[in-house]
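**Student:** All chains should be built: construct the whole structure from the sequences, respecting the hints.
As they're listed, the protein sequences go chains E and H.
FYI, in the numbering used here the residues of the first sequence are -13 to 184.
FYI, in the numbering used here the residues of the second sequence are 278 to 391.
The hints are simulated quantities; they were obtained by calculation from the structure and are not laboratory data.
A portion of the hints provided could be inaccurate.
Stated by the list, open to error - Interface residues of chain H toward chain E, partial, derived using beta-carbon atoms under 8 Å: (1) R306; (2) E357; (3) A375.
For glycine and all other residues, C-beta sits at the position ideal for the given N, C-alpha and C.
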Amino acid sequence: MTASGSGERLPAALRTEALEQLLTERGLIDPKVMDGLITEYETNVGPLNGAKVVARAWTDPEYRRRLLDDGTAAIKELGFMGRQGEHIVVVENTATTHNVVVCTLCSCYPWPVLGLPPSWYKDPAYRARMVKEPRTVLSEMGLELPDGVRIIVRDSTSEVRWLVLPERPAGTEHLSEEQLVPLVTREAMVGVAKVKAP
Amino acid sequence: MTAPLNIEGPAAPPRSNGELVFAEPWESRAFGMAVTLYESGAFTWRRFQAALIARIAAWETAPAQDEPWNYYRLWLAALEDVLVGQGAVSADEVTARARTLARRPPGHDHGHSH
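**Tutor:** The following block contains the structure:
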């Protein structure tokens, strides 16, 4: 199979380069603009942004309320906005309810707060199985939830991009917002893990 | 029967945040092309997303026996689908150019000394 699905097999790297050359020659793309965009996602836009949002919500009840009320607006307050961030809805994990995010049809993901999705999020097995047997999949990923915990699977396929506000772990009451930030993992903000106290 | 989660392969769920955003440089170029084209108004994101969903669904319905799952290959194919549909490029042109690139002598991009 080639990238186009027709004709001979050519490595995707060559096909990508060929397409970029053709589009550049036709003035449809500017490689320098692309360079800047790629660097932005490789270095600046990542789960650290989301971790800052979560730590703020844990330490500022008013912010937490605004975040759950209008995710996009509250996230913008911290300066995070842009592509795939137009309709971010934040859902809160508690001792009795656990949200986990998946995109069953492709790979929708809140880029401004989590960066680009990791491989496992795009993997066919994760996407197919999380909706059917979330408890089993979470267990395989290292998260055992008690039977009494209700699991809600959030499918990002529509316009909505979900962000999970994880539970603040016990034993972190004395930590400041800045000290909480590094505890918050990408996995916790997708809902496949919990945040652990240091 | 359910497909197992790939616990140890390249798609394995990491326990830290240290994963590279792109596994190979061409993946970043394929990503960058789609986003910059969308932002210049070449197509709507909804259009690209529909093409991506179709490519992923096709792979999942009939996985190629000799080609493993690669998300960005499907992303690239979706991008070509949209551009070919608009007449911006033809699949044959892309193939012809890629063949030309394939004929470059080995080490063409390693002119610098290591």
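**Student:** Hint by hint, note whether the structure agrees.
**Tutor:** Structure-based check of each hint:
{"no.": "1", "hint": "R306", "result": "holds (5 Å)"}
{"no.": "2", "hint": "E357", "result": "holds (5 Å)"}
{"no.": "3", "hint": "A375", "result": "holds (4 Å)"}
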